[in-house]
Amino acid sequence: MPLDKSIRRVLVIGSGPVVIGQAAEFDYSGSQACLALREEGITTILLNPNPASIQTDREIADRIYLEPVLPDMIEEIIRKEKVDSILASVGGQTALNSVIMLRKLGIIQRNGVRILGTPVDSIELAEDRRLFHDLMDRIGEPVARSVTLDAKNYRKRAGEIDFYPVIIRSSFSLGGSGGNIAKDSAELIATCSGFFSSHPSETMELEKSLAGMNELEYEVIRDSMDSCITVCNMENVDPMGVHTGESIVVTPAQTLSDREHNMLRDSALRVVRKLGIVGACNIQFALDRTNGSYYVVEVNPRTSRSSALASKASGFPIARISAKIAAGYTLAEIRNPVTKDTYAAFEPAMDYVTVKIPRWPFDKFHVDRTIGVQMKSIGEVMGIGRTLEEAFMKAVASLENDLSRNIRLGVTDARLMELLSRPSDLRLHAVFEALFRNHDIDTLSSLTGYERYFLIKLSNIVREVEKIEIGRMPSNLAELKSLGVSDAIISSITRLREVDITRARIEAGLIPSFRIIDTCAGEFRSETPYFYSTYGETGDMIRESDRKKVLIIGAGPNRIAQGIEFDYCSVKAVRALRKSGFTAIMINSNPETVSTDFDVSDRLFFEPVTLEHVSNVVAIEKPYGVMVQFSGQTGQNIAGPIAEIFGENIILGTSPSQIDRAENRTEFSRILGETGFRQPEYTSIYNLEDALGKTPSIGLPAIVRSSFVIGGRSMEIIYDMDELLERVREIFSLSPSNPAIISRYLEDATEIDVDFVSDGKETVICGIMEHIEEAGTHSGDATMILPASLSPEIMTEIKRMTVLLAKEFHIVGIANLQIAVRNSEVFVIELNTRASRTVPIISKATGTDWIEYAVGLIMKTGKIGADSTPIPDGYFVKVPVFPFDRFADLDILLGPEMRSTGEGVGVGKTVEEAIVKAFTLTSRKLSVPTAVLFTVDDRLKNAALPLASFLASEGVKIYATPGTHAFLRDNGIDSSILYKLEDVRKPLISDAIRSGEISTVVNIPGPGAIREGFEIRRIALAGGVLVLTNLRLATAYFRSVMGTTRLVPREIQEYQP
Amino acid sequence: MTGYTEILTDPSYRGEIMVFSSPTIANYRWSEEAMESGSIQVSGAVTRDSHSVLRGGYSLDEILKKYDVPGIDLVDTRTLILKIRESGVMRGVISDSPDVPDAFMDTMEKSLVSEVVSQEVTRTGDGSRPTCLLIDTGAKRSLVRKMSQVADLIIVPYNMDPAKYYGESDFVFLPNGPGDPAHESLSGLRRYISTIAGEKPLIGVCLGHQIISLASGCRTYKMKYGHRGSNHAVTDGRRTWISSHNHGYAVSADSLHDSTLSMAQWDINDGTVEMVRNEDQMILATQYHPEGAPGSHDLYWFFDLVRKIVEDSVASR
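As given, the protein sequences belong to chains W and S, one line each in that order. Its first residue numbered 1, the first sequence is counted upward by one per residue in our numbering. Its first residue numbered 1, the second sequence is counted upward by one per residue in our numbering.
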């Protein structure tokens, strides 16, 4: 069937802010889907409150709503935009849940819109565990058996169960909080009797445990004519029991026989046909190798993280094809955009192997590092190679953390055994370490559940790496490279500088060749310039370009402090370059993103974003230059070494030596001092004695920082000397040869983010964002408002400083300045010589493509225009979203480390409207507050008084902990006492929160006393209650939410200048 | 990726050197059960990375040695494949000596079918189902297994007079096999098929499809590099199926006009004839392998269709 001409205006629902389990992959699939529909002349109306996404860029969708994904918002947009159809399959769980809700509320029916692709009934069948299992039973597909127990029947039924081991979950356990395993009826009865004695009226769910079986996934596409293909299969290296998002995943499956493969493929097609999927879906299996049987685990009836991975691994653009199917086409009618001469109806053949490794935030979050059924990772990398070894090691190199440089783990044998048997982010390295220590493959296989095949492959790597000697270039360098062993690892073992190894290797001509990912293993000619490197082969031909070539560094894996905002920046840079007639070459290792869509750049190199792999591309492509300012810290970190190999001129825009001047904090402070910029008082220290001697002259509270950015670690406000010394010791242990800086913390200052573009002489400010929280909250975790509400004098001063600094540091392109304002004084805090995470939101708010502007200045194809900063016709409030629900042991209080995984935006014609919209993104239940719990540290009680009296005057019931209660009473404000958890008196805070009496918690801990109130915050969070820990933010929130009655969705242009 | 056992033992590959496009091969154990004939049939195997896994009696190296077939590993197979794609299928030699003969015979000129067919007549079944005369040209075991679920089989080698068994059969089946369908050694079979067409259901797969087409007035041709692999889509104009292909020759679509057959399915990309039919004459044949092995089972319904054609024919007699 060809295009359905009755589809004219389609609402595409996006996935919103990036959270764990729902990240950049939906920016990728959502963008692809929008473009696929637009190609058909369909108007796309996009709803997505994620300002950092590419999807919400004017180039992707026709109409853009940065509004909350809420039913009444959607209905209003449907009416306003005369929407005839909704595409919900490319916006993750958020979009699926919202169409289910829309139908429940009758919004679909009364507005006469239809859902494109998979019908809502099918979505519900796939999503409801009970319904799904019943359906599987009916068609004879095996699923894990399950049973419900209650206090009366559990003893009897425990004996009847014949499918041990089982996983036991209580009916009210919080999402994914695990579950116990019982191996037999005795264990089951023991667990149950403990549980039922305290919860006699609850029930327990038992399910056959599939833990330890092999986990396989299939990506299936079905069209409306019932034709089906499986795009590819994926094999999890970690067996069942580890969430697929947490597993190392190999594509295509490596250890399946043809019989196993087709048994699972047949099952996948039966299930998908029975469900009635139209478009893409993902199906997971557990394979029991002991008897050759399998279980259907689940179906995701939409594009997913796995489908993004499958698309990048196979070259087959799943989201694009599934959007075309949603628009009416069949597989046989859609061209394969990779070969262009063949059709989408085929199954890709891969003549390479890919390995995906998750990227966990454990470098930032000091929490339990074990992994399991719940997702904790926030990003992933993919390595591609001709052999599994090469793919594995390229994935390891892509991680951009300590694990990517150090293949050895310095642990005791006992600790090693523990790391092998309990899944964690360190398990792969534990396997390497065990192989170095000559543990045998069979034992390792039974400890880890890894297939022997994978272990043999990993041991091939180890056997070669152990030949490396300290202090000299390895004699087996060619062998090491063909196994994918990175220059960084060779550097860490030989203790030679990485840059020297890379340079020597390139000079010796040991450079990889590049292969095309063509979806067909060479069967058909493919023009698609999607490459990966491999050693020891001839390589595919890379076409010469008659235009100037520019290499853009991608941002690598999503991680805390480096998310999709930098993918936005690098993709926009690519587009700008292509528009001005350059050949834009992208290098990146992140399979989730838009930047690794082969359609985005002129050439895509799917490679680790490291000195080594960037240098290889530079050596082969010989580009005119390399752009390092659009990829966050990744590009900044390798700019220097690249310049060392290829010369300073290879880096386009702000030069490596200027980057270095700005990044070296000691140097930066010195320059500021010399050039007369106001900055907080500071001193450089070289050792602990220095810290002791010099701190009194600065005074406390103070901020201690190393002179170089260490893993994006930001400032920590320190209130006492002991803490200060501890921090100093920590900094010197990480970088002993560099000085550290102690500077005065500006209390009660307002922090400002300034993004600007410059050609080195003239400068234009893109936007100025004001933090709601006082200076001290990590800028990635702060809630910010655009435009800022600063006085004209201060604005003038900020502009003056920006222009002068841009000149001083010869900024060419885009950069970011962080400033603190106290009273009428303006202090410089930090200069980032790169695009910052606020660039996407500022670009959208001002309706100006600042990245394109910056690229024009760098390439001298554009000029600085009028020096006027566009001011939006409305307010943009950027809010962070946090992963606290995933980490029970993580405090929600904001600290020195950035915690947020992503951001959302609330946009309004008034500040209040914008703030309320923003808060709908971060709070599960948001309504006008009726009862608020106050618990405020003594030192801040006075400051909290205006807020409490405001709420009291609005008729909000106030609860307070005893101290706060007494203080409020003394100041004439009524409140009811609630006691802390350990108190013997009643009523308790926990009870009031669980009963739903309290709608919001205001918990303001004192400076430095961050450990107080942890329990209160966790309980509130578990109860879905909004917790505010910052007084300024709390005040802004309550003042907004009490005064706003109706939220209006508006197209983004209505807010732009 | 999967199916190396099936591929190496498929009689249709007789006389060919197999270059695997998947770089990692023989990652899982060789299985006697998955063999498509009694031994390895290819003349040689070329791989990128089959050396570094599964030692101890299960490596590809050991398997190839057992059947005395040469193999060569660590080859830049993609480059070789691109060369074959651009220049077409070519003759090749695997040698450990630099002195390679300048001229050697094209194996396609040999009577390959005779090398793979057993000279015994075999019967399956208990007489409860229709009887199929399977004229063997190198049938894969899995194809024979699938057919034996449809009918009781009398398996007769192609070079033995089939007329002797024709009388007791309800239909005739021509399976896969190696080489050129127009080869001189198969002329007797082609002539015989042309004499019986229309009398009883006539079913073919792969080489069988080509022989039936030739016998019905079509022409065949040698393809540049053929269709290999289990990821090819065939279509009837409405729906598509993923099918398993292994053919270096094909039936000329133009020549169908001069024949009694019509095209029922074709390859979605290059339009190659993939299924021919003549409903009146009860002829049905596919170029692809409906039995998969290796490859998809999407076209298992072919065997249901065969069953129906045969049942209808038996009922109408």
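There's no promise every hint is true.
[As the list claims (entries may be wrong)] Each computed DSBU-like pair below joins lysine-lysine, with the alpha-carbon atoms no more than 30 Å apart: (1) S:Lys-66 to S:Lys-200; (2) S:Lys-222 to S:Lys-83; (3) W:Lys-579 to W:Lys-340; (4) W:Lys-941 to W:Lys-986; (5) W:Lys-340 to S:Lys-200; (6) W:Lys-274 to S:Lys-308; (7) W:Lys-156 to W:Lys-579; (8) S:Lys-164 to S:Lys-83; (9) W:Lys-863 to W:Lys-807; (10) S:Lys-200 to S:Lys-83; (11) W:Lys-860 to W:Lys-807; (12) W:Lys-622 to S:Lys-83; (13) S:Lys-83 to W:Lys-340; (14) W:Lys-340 to S:Lys-224; (15) S:Lys-164 to S:Lys-110.
No lab work stands behind these hints, which were simulated from the structure alone.
Hints versus structure:
no.	hint	verdict
1	S:Lys-66 to S:Lys-200	43 Å, violated
2	S:Lys-222 to S:Lys-83	18 Å, holds
3	W:Lys-579 to W:Lys-340	23 Å, holds
4	W:Lys-941 to W:Lys-986	23 Å, holds
5	W:Lys-340 to S:Lys-200	44 Å, violated
6	W:Lys-274 to S:Lys-308	25 Å, holds
7	W:Lys-156 to W:Lys-579	72 Å, violated
8	S:Lys-164 to S:Lys-83	48 Å, violated
9	W:Lys-863 to W:Lys-807	16 Å, holds
10	S:Lys-200 to S:Lys-83	45 Å, violated
11	W:Lys-860 to W:Lys-807	17 Å, holds
12	W:Lys-622 to S:Lys-83	27 Å, holds
13	S:Lys-83 to W:Lys-340	21 Å, holds
14	W:Lys-340 to S:Lys-224	20 Å, holds
15	S:Lys-164 to S:Lys-110	27 Å, holds
Hint check: violations occur at hints 1, 5, 7, 8 and 10; the rest are consistent with the structure.
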